[in-house]
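J.: Here are the chains, one letter per residue:
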Amino acid sequence: MSSPDTADGQRLITGAEALREAMDQCMAADDRVFLMGEGAADPKGIFGTTSGLVETYGPDRVIEMPVAENGLTGIAIGAALMGRRPVMVHQRVDFALLALEQIFNNAAKAHYVTAGKHTVPLVIRMIIGRGWGQGPEHSQSLESVFAHFPGLKVVLPSTPRDAKGMLIAAIRDDNPVVMLEHRWTHYTTGDVPEELYEIPLSGPSHVRKGNDVTIVATSYMTYEARAAVDAMQAAGVSADLFDMRVLQPLDLGPVIESVRRTGRLIMADVGWKSFGAGAEIVASVVEQAFADMKAAPVRLGLPDHPTPSSRSLVPDFYPYSGDIVAATANITGAADRLGPVVAALAEARAQRPVDVPNPDFRGPF
Amino acid sequence: MSSPDTADGQRLITGAEALREAMDQCMAADDRVFLMGEGAADPKGIFGTTSGLVETYGPDRVIEMPVAENGLTGIAIGAALMGRRPVMVHQRVDFALLALEQIFNNAAKAHYVTAGKHTVPLVIRMIIGRGWGQGPEHSQSLESVFAHFPGLKVVLPSTPRDAKGMLIAAIRDDNPVVMLEHRWTHYTTGDVPEELYEIPLSGPSHVRKGNDVTIVATSYMTYEARAAVDAMQAAGVSADLFDMRVLQPLDLGPVIESVRRTGRLIMADVGWKSFGAGAEIVASVVEQAFADMKAAPVRLGLPDHPTPSSRSLVPDFYPYSGDIVAATANITGAADRLGPVVAALAEARAQRPVDVPNPDFRGPF
Amino acid sequence: MIDPAVRLALYRDMLRVRLIEEAVADRYHLDNEMRCPVHLSIGQEAVSAGVCLALRADDQIVTTHRGHAHYLSKGGDLNAMLCEFHGKAPGCCGGRGGSMHLFDSAAGVLMSAPIVASSIPVGVGAALGLKQAGSDGVAVVFLGDASVEEGVFHESANFAAIRKLPVIFVCENNLFSVYTPLDQRQPDRPLTDLASAHGLASLQVDGNDCEAVYNATARAVATARSGAGATFILADTYRWREHCGPYYDNDLGYRSVEEFERWRSRDPVDMQRRRLADGKLLEAAADEKLAAEIADEIDRAFDFALNAPFPDPRTAGDHVFA
Amino acid sequence: MIDPAVRLALYRDMLRVRLIEEAVADRYHLDNEMRCPVHLSIGQEAVSAGVCLALRADDQIVTTHRGHAHYLSKGGDLNAMLCEFHGKAPGCCGGRGGSMHLFDSAAGVLMSAPIVASSIPVGVGAALGLKQAGSDGVAVVFLGDASVEEGVFHESANFAAIRKLPVIFVCENNLFSVYTPLDQRQPDRPLTDLASAHGLASLQVDGNDCEAVYNATARAVATARSGAGATFILADTYRWREHCGPYYDNDLGYRSVEEFERWRSRDPVDMQRRRLADGKLLEAAADEKLAAEIADEIDRAFDFALNAPFPDPRTAGDHVFA
Ligand SMILES: Cc1ncc(C[n+]2csc(CCOP(=O)(O)OP(=O)(O)O)c2C)c(N)n1
Ligand SMILES: Cc1ncc(C[n+]2csc(CCOP(=O)(O)OP(=O)(O)O)c2C)c(N)n1
Ligand SMILES: [Mg+2]
Ligand SMILES: [Mg+2]
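Protein chains in written order, with my numbering: chain V, 1 to 365; chain F, 366 to 730; chain A, 731 to 1052; chain Z, 1053 to 1374.
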């Protein structure tokens, strides 16, 4: 993972800009690529990620959808079966709940059931909402649900560089690819190459190297984990951090190797913990690295309740860097050294509003 | 779990009959209870589970649905919010993929989002298909998907006695309850009390007691596990077997206690293994019982591909008793004693067709 | 001819909703204390007033993301709504829902849902429940013009038709789904054709004329109560402010200023005010007094909300199960 | 007037489909080697013939659980179909799909889906793909009368209308969804009203008259190829055998014997046979020869399927990803 906080001589753009650029370049390079979305051609361009494309490519390639997620997903699948390369975008993953039959049956299974004769080169971008009181139905995550159905690739880029490279790889991939974008990752800035490049849709990215504990994070939790790791570093605890940016196909090789070395595993899920992606990751790692483990694995994730709207109810809902350090303290026995780190992170957090990606953010959506 | 193979002085009926009886008795006892389903009032009565009810209760309480799963689910929710107690049935859980938005948002979250003021006393019965070449879209399982969304109770009865008692408990429950019925469990026979009784919607049932390994199974896999356990018993290996008949709310207490004692855990999922229910169970157990575990946990479940239709392709798709014994052999070091057991189970299986619940079964559905 | 008291009540209701929503808009970014999306109905008040005043308290309504007006017109508690916007404990959802999850059981506001069209079948189900319980109550489903693009609308309409349910679909056609105009989303045919295709009675009304809406609703309610089934009412109207949020957004260029002005010149509140004045039913002084009373109510409600406690974070996990 | 060669071809196609499906029925429980659900179209052959013979090989069709006839009429490979029913490796899906997952790329059979209405949008998407690729090909969506109850039909129809896509919806109204009659599921109105409500052209035809179906399709195809958009064709017909499986099921009592006999007396194959005979286009000897040829083809195909290898169990995990 490239470090979004480096600067000199680099090309710093936001996650949203990176996605827009990927789309633009893919549409320029391949005229089979087209875009569909509610808002894809509107003045706000899906949080800026599709802005300007309709002006360049016209309304036949940037299709403003009726509000009909299930039907339009099937339509995208049909076009994909005919060799087109649709990219569909939902402003909230929650809207795609209406389209799951199409996604899980026609998209995920067409290649398998035809013994390889059909392909569905479809990308579905979906945004995970968080903050500004979106409430329970504009904030779900669902990566473990998508990952349960064989035949779908499931990716969650967290940096602008990954967002661009993975979207390009997804569009070029012959499989249906579900891409979950945490809304706050649209606002992060990072160094992004100008050219067309791919980040392969396999394996985690190794964000930080260390020896005392292995931390695996998904999506936005990578940022919280990175903050945790960097804070612990100063206190002499070193962590191996993986951004599990691809959940299907699931390549846990590097994580297992790491856990064999560190003996300890902390999983930080962006979605609900129960029956979440981390459950699979923890279960798989333990199945394979049990003999080398020195402590019970720990999962962090959203507790078993819907997302409340009120900002007063979310501080304990969304785990943050301090929770990751606290978990590390528990399982490494470094509580002495890490106690002050937790305190400092908690203090810093108390200064920031919990419901915005950055202090300038003002809703309303 | 009552033992379906006992006989004398008992009231032996099938799973399907048990469900029909539960529904009948609940409708007789409470006129707010009503039924909706495609086929609910037709001559075949959803595999016999609703037969005769329309004659008794009329078409206003046994509603033959148009083919519109999403809309009708919302309609059931609306009626439930008004104090009615709908029971909806889908002949295949796959059809409910169309209704997930209603289930996950309006049903699962109404109580939470209204801070407890609304309740949705809705039961959704869904049948998991298997066998007779149903193919990839009439055979999915999805329990881990339902269990991921806080607010839904998720139950999978495997015996006739549980089927009746849990359906009654579900109908009387003020929460939305998702009930997944493996099709083959409709054909099993067991001792079922005649009266109205409840099996509480919490916790596993303790099917067999033993000390060498803890086995947790869901739904139909309980039968395979029981066959495995009984076969191992003869070879001097004793297993603790739990039927994890309730996934939400998830009470793993008895399982954890057992694993603390046996030090070993085998999980047998009825659905896909990856990102399946067993992932949560294994991860949770390991988080809490790590210190007492003597071997890596093992999961069995469907491999990462859709269900093929051809019976030649399914033998390695559906795990069976022999696989459970083999896994036990691996982690207990009792390979010597268990090798012949595996061979015998494999032999017995080779004599039976793999695609029918019993030798008389002749499709076509 | 509508009873003069009702004509005045319609005006009062619209004025109140207008002033409340303008207060929400004015204060939204003033101190950023309402930290949830808000979808204002300013410009569309004739629909909520005309429909809800033709209902009884025990009739049920369901609505959408744009539901403040419906909630208020049906008698939803103002304090509870503003507390909900502020994420406060006395909110109708205890702060858990925000503006897109309003309900008030006492007033017959059964639910609102932020997912487009998601509450439509729930409203039909409410009608089923009423019918099963032997009540002569009716259910009203408020929906936007985009929600008929969702399949679930059709599934719901079909079931309402075959079971002759006491439900009224009120489609507020404000010509847009977010920034996308109707003609990019639907073919050029009367929207009421959808209703007829499902065997439903339908009526089209000027959605900026509260009396027209009231009359249409009264007819539909009578049909429903008599057991003769469902009606689809199409009310043409226009949203003045941005899709979501407090501001105007004509600068985005997705609609023309002429179109906007044309609709604004048909301000539903003004139209009724002039009508009442012409009919000598409302004098300027009484009108001013009304506005002042409402302004006072609003100030008190905001005071209440701003001073109300936040929910206790330790309760965040309560009420997952009943 | 239809070309005599086409009239004969229509007859031949129906006869062939009929004999194939009867052979499937006869053999289904004979040795229980076709171990998958089968949904026969016996009685409905005029629709598949009339539609598919009006299409080009590069036109695309999508169909449902009841798709054998469509697959065959469009030119799908018989051996591949029977192997699929038998779960054999040379099946069109390599034995992975069974009877509800038929396709034949060479013949333009794009897909069939066992989930009601699920293939409808896929067919519309195929039309979009054809249009984007600059082809003048058309896509045909076969659907049952129940599938218009699913919301996705409406979502698909709406999009087809607004984008003027070259797609033809062919609704086979056989009056039942499994054992549930139409009037329990839909209101009493012409089914074609649904099409008009979505701004689509529509035609209603006698679905047991292959020439009527052919003519309607030819018109719709011409419209679609010319860029003038989609048509909805309603074909009234009747399923003779049980919903799923090889037998008759009138004993279940869900429909009357009179109704059944009324429809059977209008056997589409017989009707065309008599028509051709009356027009001196088919002599008894030629007819017998045709039937014998087809019977022979069927025997060979079953032999092929019965002798074909099963897929290797070790391949069960292949092709999850491309
Ligand atoms: C299923 C779903 N898709 C998309 C959205 C995003 N969305 C919120 S409001 C809206 C527009 C709805 O338009 P309409 O129904 O006409 O109501 P209006 O906002 O005009 O009142 C959309 C697309 C959503 N909330 N739910
Ligand atoms: C979404 C969904 N719901 C229910 C079913 C079960 N089912 C299979 S075929 C069928 C009837 C369909 O009727 P129709 O569309 O008229 O086609 P027909 O069988 O009459 O040809 C039903 C309900 C299904 N396959 N998919
Ligand atoms: Mg609108
Ligand atoms: Mg039918």
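None of these hints come from the bench; they were simulated from the model. Mixed in with the good hints, there may be bad ones.
Label-pair ranges, simulated between beta-carbon atoms [stated by the list, open to error]:
id, chain 1, residue 1, chain 2, residue 2, range
1, V, Ala350, F, Pro619, 51 to 57 Å
2, A, Met731, Z, Phe1312, 53 to 59 Å
3, Z, Gly1279, V, Asp174, 53 to 59 Å
4, V, Glu195, F, Arg626, 29 to 35 Å
5, A, Glu989, V, Pro200, 23 to 29 Å
Some chain A residues flagged as far from chain Z (calculated, every beta-carbon gap over 10 Å) [stated by the list, open to error]:
id, residue
6, Val882
7, Asn888
8, Ala927
9, Leu933
10, Arg971
Just so you know, these numbers come straight off a predicted model, no measurement behind them. We treat Cβ as the ideally placed atom computed from N, Cα and C, and that holds for glycine.
J.: Please go over all the hints and tell whether each is borne out by the structure.
T.: Going down the list of hints, with the structure as the test:
no.	hint	in the structure
1	V:Ala350 <-> F:Pro619: 51 to 57 Å	violated (41 Å)
2	A:Met731 <-> Z:Phe1312: 53 to 59 Å	holds (58 Å)
3	Z:Gly1279 <-> V:Asp174: 53 to 59 Å	violated (30 Å)
4	V:Glu195 <-> F:Arg626: 29 to 35 Å	violated (60 Å)
5	A:Glu989 <-> V:Pro200: 23 to 29 Å	violated (49 Å)
6	Val882	violated (5 Å)
7	Asn888	violated (6 Å)
8	Ala927	violated (4 Å)
9	Leu933	holds (16 Å)
10	Arg971	holds (27 Å)
When held up to the earlier numbered hints, the structure conflicts with 1, 3, 4, 5, 6, 7 and 8 and fits the remainder.
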